[in-house]
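Peer 1: Read off the chains here:
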Amino acid sequence: MAEEKVSRRDFLLYAMGGWAAVGLGGVLYAMYKTWEPLPEVKAAGVVKFDLSKVKPGQMKVVQWRGKPVFVLRLTPEMKKCSNRVIKNEYVVVVGICTHLGCIPNWEPDRQIFKCPCHGGEYDACGVNTFGPPPRPLDIPPFKIEGNTIVLGEAGPEYEKMMKG
Amino acid sequence: MEKKGGFMGWLDKRLAVDSLWKVMMSEYYLPKNINFLWSFGVLTMLVFVILVISGIFVLMYYKPDSHMAFDSVNKTIMMDVAYGWVFRHVHAVAASIMFLVLFVHMGRGIYYGSYKAPREVVWVTGFILFVLMAATAFTGYLLPWGQMSYWAAQTITTLFSKIPFIGPDLVIWIRGNYIVEDATLTRFFALHVTLLPALILVFTAVHLYAVRIVGSNNEDGIPMTKEEKKEKGIPFWPVFMSKEYFVMSVFLLFFFYLVFFNYNFAMDPINFQPADYLQTPPHIYPEWYFLAFYEVLRGFFFSEALGLIAFVLSMFIPLFLPWLDTSPYPYVSGKHRPMFKVIWWIFVADFVALTILGKLPPTGLFAWIGFVTSIIYFIFFIALPIIAAIEKKKVATGGGR
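Line by line, the protein sequences give chains G and C. Okay, so the first sequence: first residue is 1 according to full-length UniProt numbering, each after it adds one. Okay, so the second sequence: first residue is 1 according to full-length UniProt numbering, each after it adds one.
Think of the hints as simulated: they come from the structure by calculation, not from any bench. Note that beta-carbon positions come from the ideal geometry of N, C-alpha and C, so glycine has one too. Careful, some of the hints might be misleading.
A short list of chain G residues far from chain C (calculated; beta carbon distances all over 10 Å) [as the list claims (entries may be wrong)]:
1) Val6
2) Tyr14
3) Val27
4) Gly57
5) Gly66
6) Pro108
7) Met161
8) Lys163
Capping the alpha-carbon separation at 25 Å, the derived lysine-lysine pairs in PhoX-like fashion look like this [said to hold, decoys possible]:
9) Lys162/C <-> Lys114/G
10) Lys33/G <-> Lys162/C
11) Lys230/C <-> Lys243/C
12) Lys32/C <-> Lys230/C
13) Lys162/C <-> Lys163/G
14) Lys22/C <-> Lys229/C
15) Lys114/G <-> Lys359/C
16) Lys48/G <-> Lys143/G
17) Lys392/C <-> Lys335/C
18) Lys80/G <-> Lys160/G
19) Lys75/C <-> Lys63/C
20) Lys5/G <-> Lys79/G
21) Lys42/G <-> Lys162/C
22) Lys163/G <-> Lys48/G
Next comes chain C alone, as it looks inside the complex (with noise of 0.2 Å):
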């Protein structure tokens, strides 16, 4: 190829930006066969961005002290600060959103079959990347000091004492206090700022990177090698990105309209009361995109220990997925496994029922719903070997495909 002068000849020579551009953007091909549901990932990107500039914002006028932090949010920033308050509703609508962009992000890789080989990386950093997500999340929304978010910090970090042994000392260390404090408020503060978002960086390089080795998935699940994309495929830029702009512009639509005319969506009343360590608000429940993991830390209300591991393992085990699913069908798609479509729409009906039962207070019937509705989350998990085994013998009786 015939190098360019300039100063991109002059970059090029020293960072090989030709090359990287290439095999980032202009000759990363995706197959045709993909829908909307695939622009999420974009989508992903662009809600981080909105969020770390309208966070940079925020940032100059919030103050991390436990006297301050509550009027520094909703005075300073809200009331003094020249569109203060956009970049506060900005900040947490997107901070929301962002896992609702996620969900589906995740439950389209789940439906497709994306998690399988050889996109076991690409499944394993964008679940390290979601749980980053939830640290993040977790440790901004203790920073306004409103009485949901101080209490959402009590009982989360209350959750590690149930460690064995160390669980107690645990909890202070955390803390850097008996209960959660300037301390607490200080380092949750320094980590939602810096370290997070900068492992978020560092992951969804990695992430992206592992989506360029392997390729991007498509609908029907059909493997395909570089040179079948490279042939029957269109390249990431500028062409997919044209689409992806579309679907932008929409995305944006619905979220400056939350924005300016449904911000209260994503806040809750009793976060506007300021922190009070000796009064416990009568219903506390996290923000809704943790309801359902929530529900299920709750619904084996009659054991403790049991509604704990329950807990864990609900926010854990979708990590595990490439390898409880061991389906030999060639084509990945559960699209065209029909057994494993059931039980995936049964688990999506699930999470949406965990996380409207997250809401509702815990007692009487509530609570063997959540308890039953618990259960069913973990039968999806159990059920994918089960199937793969039942393919398995389907595939050798020349059944399947």
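Excised from the complex, chain G in its bound form (with noise of 0.2 Å):
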């Protein structure tokens, strides 16, 4: 009976199983499909900010994807950012710390930003220094229109600043 291995019974529980599989491929897809973002969330968008507001000196937050975006307007006396600074004299990061998604705060006395969650702490460029941060923090992809800078778009001064 040897060459009756695949009897009829057998090639109809190989048909459902496979047709099952089928199924359950499908449900798994649609259960990873539902978890993702909405298309709203996706179509964040593109927020468009004038860098000449910031003050010497200063540090302002912009928002955008629902995080902070830290544009930090360097003084000539405060630390050189070789290939970090746009413009020669504006620090554009994302202000969410590369270890565990914390805010770090703008120190103006010390020039540091310092996160509060695991004490890491990053220079005026976005640099880590000290703690657990593992990099730097990020830089959002950015396009430069004259004196506007728009964040989601990554223009040819991104492009160059993440090959260097």
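Taking the hints as your guide, dock the two standalone chains into a single complex.
Peer 2: What follows is the structure, given as structure tokens:
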């Protein structure tokens, strides 16, 4: 009876199993898609900000995709930031600690960003100098239009910064 | 056995409730040499029932919407609903006390070797229950939409972004947004009130079933057969339960003292500010029952990757206790294992120290103490196989017992 290994019943079982697997896959895929951000969230869009509104030495917070973006205008006395500065005087970084996602505070007297959660510190350029943060504060994709910065669109300045 | 008539007889014919009752309650024999710490299993059940009932009442007025959640809890339930404050405080205090009871229950299990053969399944299902409770507490904590609960959710979900390759996308998927937002609240709400409690019920059933099969351990860790227990032991129902009623009464005194006079211990003042996703509170820390694991996470303050690995390990390493401790002693209880006793007490002291440190700011000396205590946490698990090996040698040379 060796040649009758796959009987009619076995075949039906395999067919049903295969079909059920397809169904299960579809269900799992639908479940996966259900938890994705809604279209309106995805289209969170592009934020424009006039850089000249920030006075030298001042730090302003711009909201982008629900995240705070720090815009710090450096004064000539402040630390120079190679390759992390826009138009030679603006530091634009996502204000979310690269460790666990808290929002660091700008301490003007020490000229650092200090994260309250786990004591991480970043210098004025947003580069991590102490504590658990593994990397500098992220730079959001941006485009420069005159004095206006467009957050959420990667322009040539941004591409250059990411490469160098 | 002569069958009784009436409704119970009718039901027994259809559902065999008599046999079930015997296996689960009246013919489940417990050894006499167990102490009050064995009562904490029943206490977890009691607290779970309190949580479900108070939860249902809180649920009736809660609004799972990021614009309404904070007020529905802090205004509607606390001020407008008659006795709403009782249910809120009962729910919050019970959630907190659940972990105290669980820690004692697990600590007792570890000290007396209740995780060892043949009780591995009891230990594993119990550990799964602990993880499910932690997930339930975490998802429930976000619901009042206060500052502390919001930032707890923000940081803990960010942890997933450290998983290689899929991390950043995974976090957005879990949150349903780039930050913790309404989508996160509603899905946490759904998990907190449906799936997670249902899973807890299922695993509680398996946990209890597993205990009924292998029987309860005892203070001396003497292995006893079912027959021996039947002769020397006491039935769970009604004899052992009569003692449990006393323990439950004392526990409820303590519990309602907390609910009515000291409910604040479970509530952080910062959580009475509505969630603000542009402002992190100056110090953020989890609820007290997660502080020890949280301290392990930041204990390795100089390296993010090490801290994360240690954190995940600290949560899940207890699962492997039955296989780390391969001691050949016939008495599995820590009572008769001097070396085990020492490291167990060091472990408990270290866990308390981690819990305290977790609340302190992570700077200067505290950072270093946190680092040392984090390492001591793991020494217990590393020492177990070593102690077991020494004990093996002792048994071979006729020492031990």
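Peer 1: All hints, please: hold or fail.
Peer 2: Hints and how they fare:
With 10 Å as the threshold on Cβ separation, the claim that Val6/G sits away from chain C holds: the shortest Cβ distance comes to roughly 37 Å. The Cβ of Tyr14/G lies farther than 10 Å from every Cβ of chain C, with a closest approach of about 31 Å, so its non-interface assignment holds. The non-interface label for Val27/G is consistent with chain C: the shortest C-beta to C-beta separation is roughly 15 Å, beyond 10 Å. No beta-carbon of chain C comes within 10 Å of the beta-carbon of Gly57/G; the shortest separation is about 21 Å.
Here Gly66/G does not stay apart from chain C, with its beta-carbon only about 4 Å from theirs, under the 10 Å limit. Every beta carbon of chain C lies more than 10 Å from that of Pro108/G, the smallest distance being close to 16 Å; the non-interface claim holds. Residue-level check passed: Met161/G sits 20 Å from the nearest beta carbon of chain C, beyond 10 Å. Every CB of chain C is more than 10 Å from the CB of Lys163/G (nearest about 20 Å), matching its label as outside the interface.
Of the supplied pair hints, the one linking Lys162/C and Lys114/G holds, its CA atoms being roughly 21 Å apart against a limit of 25 Å. With a CA separation close to 22 Å, the supplied pair Lys33/G and Lys162/C stays within the 25 Å bound. Of the supplied pair hints, the one linking Lys230/C and Lys243/C holds, its CA atoms being roughly 18 Å apart against a limit of 25 Å. Distance check on the hinted pair: Lys32/C and Lys230/C sit about 11 Å apart at the alpha-carbon level, within 25 Å; holds.
Between Lys162/C and Lys163/G the alpha-carbon distance is near 23 Å, which keeps this suggested pair within the 25 Å criterion. For a cut-off of 25 Å, the pair hint linking Lys22/C to Lys229/C stands: about 15 Å separates their Cα positions. Pair hint Lys114/G plus Lys359/C holds up; C-alpha atoms about 19 Å apart against a cutoff of 25 Å. Between Lys48/G and Lys143/G, the direct Cα distance comes to roughly 9 Å. Compliance with the 25 Å bound is thereby established for this hinted pair.
Using a Cα cut-off of 25 Å, the hinted pair Lys392/C and Lys335/C holds, with the two alpha carbons roughly 17 Å apart. Using a Cα cut-off of 25 Å, the hinted pair Lys80/G and Lys160/G holds, with the two alpha carbons roughly 18 Å apart. Proximity of Lys75/C to Lys63/C is assessed by CA-CA distance (about 12 Å); at most 25 Å being required, the pair is judged to hold. As the CA atoms of Lys5/G and Lys79/G are separated by approximately 78 Å, the hinted pair breaks the 25 Å bound.
Between Lys42/G and Lys162/C the CA atoms are separated by roughly 22 Å; this keeps the pair inside 25 Å, and the hint holds. Between Lys163/G and Lys48/G the CA atoms are separated by roughly 24 Å; this keeps the pair inside 25 Å, and the hint holds.
When the structure is compared with the earlier hints, violations turn up for hints 5 and 20 and for no others.
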